[in-house]
Amino acid sequence: MQSWRRKSLWLALSASWLLILLRVFPVLRLAEPARRQAGGPQGWPRWLDAELLQSFSQPGELLEYGPQPPQAPRGGSCYREACFDASRCRGGSLKVFVYSAVGPISETPRKVLTSIEGSRYHTASAAEACLLVLVLSPDTPAGECHPALPQWDGGKNHLVLSLHPTPCLRIFQLGQAMVAEASPTVDTFRPGFDVALPLLPEAHPLRGGALGQLQQHSPLPGVALIAVAEDRGGWRLAGTNFSACPWDGRCEQDHGPKQTHPQATLPNATFCLIPGRSPDALHFLQALQAGCIPVLLSPRWELPFSEVIDWTKAAVVADERLPLQVLAALQEMPLTRVLALRQQAQFLWDAYFSSIEKVIHTTLEIIQDRISGASAHPSLLWNSPPGALLALSTFSTSPSDFPFYHLQQGSRPLGRFSALIWVGAPGQPPLKLIQAVAGAQHCAQILVLWSSKKPPPPRWPETAVPLTVLDGHRKASDRFLPYSAIDTDAILSLDAHSSLSTSEVDFAFMVWQSFPERMVGFLTWSHFWDEAQGGWGYTGERANEFSMVLTSAAFYHRYYHTLFTHSLPKALRTLADESPPCVDVLMNFLVAAVTKLPPIKVPYGPWHQKARPPPLAPGGPRFRAEPQPASQDCLNQMAAGFGHMPLVSSRLRLDPVLFKDPVSVLRKKYRSLEKP
Amino acid sequence: MCASVKYSIRGPALIPRMKTKHRAYYITLFSIVLLGLIATGMFQFWPHSIESSGDWSVEKRSVRDVPVVRLPADSPVPERGDLSCRMHTCFDVYRCGFNPRNKIKVYIYPLKKYVGEAGVPVSSTISREYNELLTAISDSDYYTDDITRACLFVPSIDLLNQNSLRVRETAQALAQLSRWDRGTNHLLFNMLPGGPPDYNTALDVPRDRALLAGGGFSTWTYRQGYDVSIPVYSPLSAEVDLPEKGPGPRRYFLLSSQVALHPEYREDLAALQARHGEAVLVLDKCSNLSEGVPAARRRCHKQQAFDYPQVLQEATFCMVLRGARLGQAVLSDVLRAGCVPVIIADSYVLPFSEVLDWKRASVVVPEEKMLDVYSILQSIPWRQIEEMQRQARWFWEAYFQSIEAIALATLQIISDRVYPYAAISYEDWNDPPAVKWGSVSNPLFLPLIPPQSQGFTAIVLTYDRVESLFRVITEVSKVPSLSKLLVVWNNQNKNPPEDSLWPKIRVPLKVVRTAENKLSNRFFPYDEIETEAVLAIDDDIIMLTSDELQFGYEVWREFPDRLVGYPGRLHLWDHEMNKWKYESEWTNEVSMVLTGAAFYHKYFNYLYTYKMPGDIKNWVDAHMNCEDIAMNFLVANVTGKAVIKVTPRKKFKCPECTAIDGLSLDQTHMVERSECINKFASVFGTMPLKVVEHRADPVLYKDDFPEKLKSFPNIGSL
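In the order they appear, the protein sequences are chains B and R.
Just so it is clear: in the first sequence, position 177 is 177 by UniProt numbering, and no numbers are missing.
Just so it is clear: in the second sequence, position 159 is 159 by UniProt numbering, and no numbers are missing.
Hint data in this document are derived by calculation from the structure and do not stem from the laboratory.
In this text, a Cβ means the ideal position worked out from N, Cα and C, and glycines have one as well.
Treat the hints with care, since some could be wrong.
[Unchecked claim] Distance windows between CB atoms, simulated:
no., chain 1, residue 1, chain 2, residue 2, range
1, R, Glu675, B, Gly410, 46 to 52 Å
2, B, Gln215, R, Asn442, 49 to 55 Å
3, B, Ser93, R, Leu177, 42 to 48 Å
4, B, Glu51, R, Lys436, 35 to 41 Å
5, B, Pro201, R, Ser75, 35 to 41 Å
6, B, Asp231, R, Trp382, 30 to 36 Å
[To be verified] Dumping the calculated DSS-like pairs for lysine-lysine here, alpha-carbon to alpha-carbon at most 27 Å:
no., chain 1, residue 1, chain 2, residue 2
7, B, Lys596, R, Lys708
8, B, Lys669, R, Lys494
9, R, Lys103, B, Lys313
10, B, Lys660, R, Lys690
11, B, Lys313, R, Lys105
12, B, Lys313, R, Lys611
13, B, Lys432, B, Lys596
14, R, Lys103, B, Lys669
15, R, Lys518, R, Lys494
[To be verified] Taking beta-carbon pairs under 8 Å as the criterion, some of the chain R residues facing chain B (in silico):
no., residue
16, Lys105
17, Glu558
18, Ala642
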């Protein structure tokens with residue numbers, strides 16, 4: 001009885017298990033394919049005979065050649081090779097001739113002419129030029145659009161430039177000429193041939209220009225999320241929580257707190273919505289200047305300099321047909337991207353748009369890049385600070401040769417420096433200085449730039465590093481020529497009368513390696529606004545802040561020699577030659593304009609100052625702390641030449657970590673900096 | 001199964017005999033459970049065979065069995081392509097509307113065989129490559145099988161090669177697709193456009209508004225921002241194994257490997273070779289082929305034979321000349337060989353030129369300058385050439401090597417146009433992985449000095465040391481640039497003191513209570529922080545003077561992307577233990593600053609809270625230590641820059657310790673901190689900290705100058 005019950009129990013249990021198993025099994029069987037089914041069976045089938053399918057091309061087919069000779073461009077269509085004869089640019093360098101204006105012209109075209117004439121590509125001879133520029137004026141009557149140009153030749157190698165919409169562009173027989181036009185419509189723009197210019201406001205400055213308004217990296221808390229460009233030229237702030245789109249009538253109007261600003265003011269918001277019609281392009285620059293991220297709604301115009309500027313890094317091009325989605329995307333945009341867009345928009349404003357000169361020089365630089373081919377600016381140089389106008393591709397096309405891109409490239413400057421000693425009028429070989437510098441740990445070589453009337457001595461002291469004597473031409477700006485003998489990234493610029501210790505040189509070079517784009521110097525000047533004189537002044541008095549370091553003892557990157565020689569206007573360099581302290585000012589202006597940051601000061605032993613001979617008369621050695629009164633004016637002339645005051649003040653000095661700390665001197669690496 | 005049976009038999013023998021009447025019952029139960037477990041276990045091991053059998057029964061069909069569609073002779077033909085089409089005119093974005101992942105949805109029409117009225121097929125049903133392409137799309141994230149939710153439609157009609165289809169009938173087949181609607185949002189793939197004699201540069205099939213991903217566009221058939229220029233796939237990519245060859249000078253400077261070239265080009269090539277001799281190698285078809293080697297794999301120069309594509313690896317530059325078509329499959333082979341392509345095909349729109357920066361990987365030479373090509377190439381510095389060789393190989397690996405790569409890049413481009421705010425960047429497209437790894441993109445890259453007027457927010461993290469906290473508050477409130485003080489009350493068991501008890505200060509004081517006693521609360525991006533500059537300060541740092549703090553803020557303004565702090569620390573490599581070591585002695589170098597007193601940008605709070613790599617944040621909270629080291633790692637990693645230590649060393653009362661400092665405690669402390677460094681370095685995969693030998697002092701610090709004229713006289717007193 002019991003065994004029967006036991007058996008039946010056993011049987012029942014095992015039977016139920018079997019049942020469960022059988023039921024589960026098919027489910028398990030299906031479980032796996034079922035997961036694939038979501039994208040599986042209705043997806044593209046896995047054909048049984050997929051392996052047997054024929055290739056899309058027969059082997060011979062890929063190798064066919066056309067029976068006809070290379071195609072010629074069809075009517076009207078121009079592309080670079082067909083309509084622009086680059087071989088006229090001898091040596092691959094652009095030479096630009098500009099037709100001078102006939103009769104009176106309005107202000108903007110005059111500024112354009114001035115900018116072209118101030119460019120380093122400008123030539124006065126039309127025969128020598130490989131690019132001939134015709135500047136159209138917006139107020140030329142439509143009847144006078146056809147100037148008789150002797151070199152016109154169907155427009156070949158011509159650039160027709162107009163900063164403002166002009167009827168002439170529509171009437172003019174452009175032929176094979178390139179067109180540089182403000183906000184061209186997408187349909188007529190020929191990529192790679194035409195140049196898209198920004199639509200500038202009426203009174204855009206010639207040089208320098210208004211600085212960007214961005215004062216900090218992240219948006220201020222509480223600032224409006226979105227400003228919308230208005231038809232009349234102003235901006236309207238839109239609240240953050242709208243249930244509908246803040247532009248056009250497609251959706252319910254609910255603007256939240258509504259404020260309209262007059263035309264002159266710049267938008268104060270994180271994003272700036274700009275409609276797609278051509279006149280709205282004017283808002284685009286305002287947004288850039290304000291550091292407001294432009295959100296372009298289906299723009300019908302080509303973005304300025306789109307050939308070289310990567311606008312995806314600075315603006316959002318959105319589809320006006322998807323308002324809610326655009327708003328949601330803006331609201332949810334990660335902070336990291338907001339920061340990046342904001343800073344990039346501001347950088348582009350400062351680098352390419354803030355003045356007419358920058359716009360024109362950028363245009364010419366783009367054409368030069370087309371001619372240069374492989375030695376054009378890489379995209380990185382165009383799209384990260386300080387921008388392609390300040391990073392010359394004639395110096396190098398490899399970003400890691402410049403002082404600006406080491407982070408992006410994961411590279412570092414070469415760990416050695418060349419000392420460049422300028423020997424002026426008295427012509428005394430600076431033997432003590434040479435020994436001090438040659439003893440520095442990272443000194444690669446010493447170059448003596450002999451600019452004295454006396455011949456250099458035939459014998460020089462034995463030094464641990466090679467010593468070369470270069471013959472200078474006695475011009476103050478000669479010391480900043482890009483000498484080919486300089487093969488290190490860092491230059492230690494010195495005067496014969498400079499006095500430095502080995503330890504000071506060692507420490508300053510360590511600091512420079514952390515800041516390769518800045519000047520690292522020992523002696524400083526500071527500039528100030530002189531209310532009484534109504535101009536800029538500068539002083540060598542010791543003060544709590546400084547904005548310039550003297551190039552009679554300073555480390556900087558050798559790239560600045562190239563930039564000094566090739567990018568500065570000739571007038572400024574001549575000015576510097578006439579009044580030697582101006583050279584220091586000019587170099588400091590240049591570096592500050594590029595970096596937008598102050599130079600760096602390192603400690604300088606007070607005993608040097610005591611040991612030095614008293615300052616000599618102007619024209620003598622320039623190693624003095626106090627600038628001559630006569631040279632005060634050069635600061636103002638430089639500021640006018642740059643269009644603004646680029647110098648930035650600093651309130652700090654970089655010292656060794658244990659500098660003058662109450663700890664055993666034996667622990668200190670740079671102990672001789674603290675000599676009593 | 002066998003095993004389970006065996007176990008159930010042996011089961012009873014293993015169990016000691018029980019004299020209860022329930023014995024058999026338990027045995028049964030036990031064996032059943034065992035059986036069940038084993039059975040489940042077996043299913044776990046079997047799913048593969050189950051899956052494949054399911055797959056087999058459901059999916060596999062033959063291409064021959066697809067339904068046949070007969071096209072009437074008078075069925076409509078789409079209009080020719082509209083050259084003025086742009087995304088905002090011809091593309092219907094409403095179909096792509098709501099999509100949280102910012103990816104377009106792509107639908108593929110089922111495969112059908114189209115025949116004309118007479119029963120003649122309009123084209124070969126499908127080629128191997130087009131099948132691969134559709135498979136790739138179907139397997140990708142873009143795919144949807146729901147035609148109503150799709151944003152982009154891909155016909156299964158194979159248009160890759162125009163020569164293998166009948167133009168008019170194919171167009172009719174396109175027009176009868178269920179969602180054709182003048183071709184709106186339809187994407188057509190074509191690699192070999194045109195046909196003899198004039199070889200158009202775009203597909204001749206009338207296609208109305210459809211987007212064309214084409215392999216041989218010229219500037220006047222390509223609709224910028226609408227069409228996509230794609231490579232011509234080289235079948236050799238799959239057939240031949242060609243291992244990567246490093247960059248550097250190679251045997252031949254310039255090579256031409258194309259066989260079917262226009263006689264004019266042949267003459268120019270011969271002239272080039274005559275002028276430059278050994279450095280230039282011009283190859284052609286072989287006249288007498290050895291058996292077994294396909295013609296496509298052999299090239300000859302006079303009597304000398306070369307293996308193709310292997311010979312491409314012997315050259316630094318390789319010519320890619322215009323053939324019948326602008327797009328040439330040889331471009332793919334050349335890139336693969338790490339040979340820099342010299343593209344001589346005027347008006348050719350290079351593959352994916354919308355996103356790829358071809359300047360970095362190729363040299364484009366105008367046709368009329370073909371004879372000067374040698375001198376043009378000679379002027380390129382070697383460093384740049386090597387960079388181009390690397391870049392060429394990387395382009396092939398990422399965008400040319402398979403049909404799948406081509407298809408996905410095409411869809412990515414279109415998707416990025418529809419969702420531009422989520423588009424991937426220039427660097428993502430163009431930087432090879434090695435560059436991406438080594439490079440740092442500083443999130444605060446714009447050089448600017450924030451205005452002094454904004455001031456800073458001081459954040460004091462406190463638990464219960466109220467007396468000390470009040471002293472810190474009083475001291476910090478004397479700093480001129482302080483704009484707000486935030487106390488983070490990290491004690492959940494105790495309420496903060498009443499309002500009336502707090503020191504009266506001239507700036508707003510806010511107390512934030514936290515939900516949990518975590519160190520990471522110090523670095524939370526509180527909404528109350530309204531300034532960019534943040535001063536993190538411990539509730540026992542009372543030794544910093546007002547001058548020192550104000551100067552620290554001034555230094556931060558000049559270095560807003562760095563950590564600017566007072567006590568400095570160093571990491572060292574311990575050669576004996578082979579790991580990192582933490583150092584707090586008086587050293588000549590600094591690589592970290594303690595956040596017990598440090599200025600930094602508020603953005604780093606956001607990064608610390610939301611973007612800290614790996615489990616570091618939780619690890620710090622669990623160990624109640626090293627949040628400052630983690631912050632140093634984070635900032636150095638993201639900016640690639642060193643910290644700035646401000647002002648001389650002070651006797652900080654062991655700022656890192658929480659209790660009384662004793663020698664043994666100090667040692668365990670150092671061991672723990674060293675462990676943190678090693679842990680973080682392994683999570684970051686690198687050692688981001690940068691060592692420097694400088695600190696920041698006021699310009700006139702310790703100078704022989706009247707103290708009362710100095711801006712920050714009270715600095716460095718112990």
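Here's how the hints hold up against the structure:
The hinted range of 46 to 52 Å is not satisfied by R/Glu675 and B/Gly410, whose Cβ atoms lie roughly 28 Å apart. About 18 Å separates the C-beta atoms of B/Gln215 and R/Asn442, a value inconsistent with the hinted range of 49 to 55 Å. Taking the beta carbon of each, B/Ser93 and R/Leu177 are about 55 Å apart, not inside 42 to 48 Å as hinted. Judged by the Cβ atoms, the range 35 to 41 Å given for B/Glu51 and R/Lys436 holds: they are separated by roughly 37 Å.
Roughly 56 Å separates the CB atoms of B/Pro201 and R/Ser75, a value that falls outside the hinted 35 to 41 Å. A hinted range of 30 to 36 Å is violated for the C-beta pair B/Asp231 and R/Trp382, which are about 56 Å apart. Between the alpha carbons of B/Lys596 and R/Lys708 the distance comes to roughly 31 Å, so the proposed pair goes past 27 Å and is violated. A hinted pair counts as satisfied when its Cα atoms are at most 27 Å apart, and B/Lys669 with R/Lys494 does not qualify at roughly 49 Å.
Taken as a hint, the R/Lys103 and B/Lys313 pair is honoured in the structure, with Cα atoms around 20 Å apart against an allowance of 27 Å. Distance check on the hinted pair: B/Lys660 and R/Lys690 sit about 24 Å apart at the alpha-carbon level, within 27 Å; holds. With a CA separation close to 25 Å, the supplied pair B/Lys313 and R/Lys105 stays within the 27 Å bound. For the proposed pair B/Lys313 and R/Lys611, the alpha carbon gap of about 21 Å is at most 27 Å, so the pair holds.
Taking the CA atoms of B/Lys432 and B/Lys596, the gap is near 36 Å; set against the 27 Å cutoff, the hint is violated. Between R/Lys103 and B/Lys669 the CA atoms are separated by roughly 57 Å; this puts the pair beyond 27 Å, and the hint is violated. Between R/Lys518 and R/Lys494 the CA atoms are separated by roughly 15 Å; this keeps the pair inside 27 Å, and the hint holds. The interface hint given for R/Lys105 is violated, since its Cβ lies 12 Å from the closest Cβ of chain B, which is over the 8 Å cut-off.
Checking R/Glu558 against chain B by beta carbon gives a least distance of about 6 Å; that is within 8 Å, so the hint holds. Interface restraint check: R/Ala642 against chain B, minimum CB-CB distance 6 Å, threshold 8 Å, status holds.
Violated hints, listed in ascending order, are 1, 2, 3, 5, 6, 7, 8, 13, 14 and 16; each of the other numbered hints is respected by the structure.
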